Amino acid sequence: MRIFRKLPILNLCRRPVRSAMLLCIAALLSFTVFGGAVMVSGLRRGMASLEDRLGADILVVPEEAARKNDLESIVLQGSTGYFYMDDSKLDEIAAVDGVGQSTSQIFLASLAASCCSAKVQLMGFDPATDFTVLPWIRKSYTEDLKEMEIVVGSDITSDEGDTLTFYDTDCTVAAKLTRTGTNYDRCVFAGADTIRVLTASSVGKKLNQFKEIDPNHVVSCVLVNVNEGADIDQVASAINDSVDGVTAVRTTSMVSGIAANLSGISHLVRILIAGVFILAFIILMIAFTMLINERKREFAILRVFGVSRRSLAGSVWSEILLICLTGALAGSAAAALVTLPFSGALRSRLDMPMLSPGIGTILLYLLLAVLICAAAGTLSSFWNVSRVSRADISLALRQER
Amino acid sequence: MEVRGQQIRKEYYRSGTGSNIFTAVEECDFLVPSGKLTVIHGRSGSGKSTILNMLAGILKPTGGSVFYDDTDLYSMRDEELARFRNLHIGYVPQGRSAVPSLNVLENVALPYALYEEDGEEAAAEMMERFGIADLSEVMPDRLSGGELRRMAIARALVRRPEVIFADEPTGDLDDENTVAVFGALRELAAAGAAVLVVTHEEDAFEYADHIYAMNAGKLE
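One line per chain: the protein sequences are B and C, in this order. The first sequence: position 343 = 343 (the working numbering), numbered continuously. Quick note, the working numbering runs 1000 ahead of the 1-based positions in the second sequence.
Hints listed in this document are in silico derivations from the structure and should not be mistaken for laboratory results. There could be a bad hint or two in this list.
[Stated by the list, open to error] Listed below are the simulated EDC-like cross-link pairs for lysine to aspartate or glutamate, each with C-alpha atoms no more than 20 Å apart in a straight line: (1) LYS1036/C with GLU1026/C; (2) LYS1060/C with ASP392/B; (3) LYS176/B with GLU143/B; (4) LYS296/B with GLU1187/C; (5) LYS296/B with GLU1002/C; (6) LYS119/B with ASP87/B; (7) LYS146/B with ASP168/B; (8) LYS1060/C with ASP1072/C; (9) LYS296/B with ASP392/B; (10) LYS1036/C with ASP1141/C; (11) LYS6/B with ASP1203/C; (12) LYS1036/C with GLU1137/C; (13) LYS6/B with ASP1118/C; (14) LYS211/B with ASP231/B; (15) LYS6/B with ASP1209/C; (16) LYS1060/C with GLU1002/C; (17) LYS119/B with GLU63/B; (18) LYS6/B with GLU1220/C; (19) LYS146/B with ASP159/B; (20) LYS6/B with ASP1072/C; (21) LYS139/B with GLU149/B.
Please read all numbers here as calculations on a predicted model, not as lab measurements.
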């Protein structure tokens, strides 16, 4: 008979409701720790992915678009939206002092209508001059994109060789991109020529918001890298001064808004974890005090029949840790079920880039959640376990006969 | 194995009383000889359970020593004392004393099981003796007061200890079971065990070799 070793499990099974409630408290704590850590890590990875994707110092858009649109979402995160300016602006911008590389992009949003396979953001780039989208596409597709060939983001449910239709024009999927955790995962990329064909089709069907444009002579934005040693702010200012009807923005200033949001969310999650830890600590302390008080006589009987102080403390610790560890695993599993499969929904809800952490990081956070739960259980019951192991056996035997 | 209490006394700190010290047992010498059944009787609060607990190694005296033959009980480390209690002492506590998460068989075999020894056979034999053999798998919360008491006695005697302490062992029992319990204690004494019973029941006197009275902490 290995009764003494099994005693912690037997005690937990004998009081299923009480055990379940204690387990729920531990689960809530680990849910918060694990879920919070995974969420913040996902946001940080998304942010890093976004910064990787930037690759330009300055973004130049039509003046009116800068006033009316959320450029940060459209240009940096690939939210649906479009605007245009004359393609002659590209040459004017390239001529400004300090401008090194420059390339244009052209945007179009498809519709959730019969003319289109899906409502997505379409982004056209110039393969000859591009230095932002192409390096990223090259990781998944090394060929040159032919006319009417497209590359799709990881969230788009089409594979290589499939056909997608935009404004009743068929395009062939040449490749699917790796996940970024941003809205780019729901974007379609193509060479500028392909996007111009689609834009012309949208104008022809009177489905484009800009009815008077010439699709062959417009661009949506110009991306600029300054010459080495040039001051980015000064170059942006020079573009604003010398090119009419455009607004030049330093790209890092656009990202800084997202970074500030991320910092705010991280701070909020930290406060939430601390709050739940304190709450769990107090509840566990009260629960363990009650649990140990009502079992004083049982512990005294075990001592009478030969259990040492150390063994008794060990048995009580085992019971407490069993609750905390089981709760921690259950809570972390629940948090994983919520945060990992629904990271896309969370990303939309938070309107921030988010990329699920890798398995190593997830396991690390699981360990962290388990350790924090074990710490909460251990700290909250430390005084009680010490008290029970040092209790006067004869006094305990006299209680509640 | 005989048990000797030498100049043992027990005092408690109690606030709100004149001197703040309450003397539960005044200094006394006490012998529980092997092969004899010794009875202490007295009114509630007279200190009889306190003296029993000091001798049983679960309540350290304020002064004096307790010897089991030549072994000074309270000079042992906690682990040693715990094992000593397990091997040599049988204890029947006052009132209910079951471990609630164990069934009757597991409760009776507890002194063996605590050190991972196989005591099922001895437990079954002891349960048979006290008429609870058919309750092996029953949980303690399903037992009557009398059944619980018989279970506690079976557990105290299962290792056939050399020293047995019983605090009001027949409190919840009917006449038939009272006779069975005292008969068993008497038998163990006859077999060489040192037996000390604390009771307020005068029925116990007829089984006793020595009878002591406690009155307000004084042994008479």
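Structure-based check of each hint:
For the proposed pair LYS1036/C and GLU1026/C, the alpha carbon gap of about 24 Å is over 20 Å, so the pair is violated. For the proposed pair LYS1060/C and ASP392/B, the alpha carbon gap of about 9 Å is at most 20 Å, so the pair holds. Proximity of LYS176/B to GLU143/B is assessed by CA-CA distance (about 13 Å); at most 20 Å being required, the pair is judged to hold. Under the criterion of a C-alpha separation no larger than 20 Å, the hint pairing LYS296/B with GLU1187/C is inconsistent with the structure, at around 33 Å.
A C-alpha spacing of about 31 Å is found between LYS296/B and GLU1002/C, which places the hinted pair above 20 Å, so the restraint is violated. At roughly 26 Å between alpha-carbon atoms, LYS119/B and ASP87/B are farther apart than 20 Å, so this suggested pair is violated. Between LYS146/B and ASP168/B the CA atoms are separated by roughly 19 Å; this keeps the pair inside 20 Å, and the hint holds. Simply put, LYS1060/C and ASP1072/C have alpha-carbon atoms about 12 Å apart, close enough for the 20 Å limit, and the pair holds.
Annotation: proposed proximity of LYS296/B to ASP392/B holds, straight-line Cα distance about 10 Å (limit 20 Å). Restraint check: the Cα-Cα separation between LYS1036/C and ASP1141/C comes to about 35 Å, which exceeds 20 Å; the hinted pair is violated. Proposed proximity of LYS6/B and ASP1203/C is contradicted: the alpha carbons are some 41 Å apart, above 20 Å. Among the hinted pairs, LYS1036/C with GLU1137/C is inconsistent with the structure: their alpha-carbon atoms are about 35 Å apart, more than 20 Å.
This hinted pair checks out: LYS6/B and ASP1118/C have alpha carbons roughly 15 Å apart, not beyond 20 Å. For the proposed pair LYS211/B and ASP231/B, the alpha carbon gap of about 38 Å is over 20 Å, so the pair is violated. The straight-line distance between the Cα atoms of LYS6/B and ASP1209/C is roughly 42 Å, outside the 20 Å bound, and the hint therefore fails. For the hint pairing LYS1060/C with GLU1002/C, the CA-to-CA distance comes to about 18 Å; that is within 20 Å, so the pair holds.
Of the supplied pair hints, the one linking LYS119/B and GLU63/B is violated, its CA atoms being roughly 26 Å apart against a limit of 20 Å. A hinted pair counts as satisfied when its Cα atoms are at most 20 Å apart, and LYS6/B with GLU1220/C does not qualify at roughly 46 Å. A hinted pair counts as satisfied when its Cα atoms are at most 20 Å apart, and LYS146/B with ASP159/B qualifies at roughly 17 Å. Our distance criterion of 20 Å between C-alpha atoms is broken by LYS6/B and ASP1072/C, whose separation comes to about 33 Å.
With a CA separation close to 17 Å, the supplied pair LYS139/B and GLU149/B stays within the 20 Å bound.
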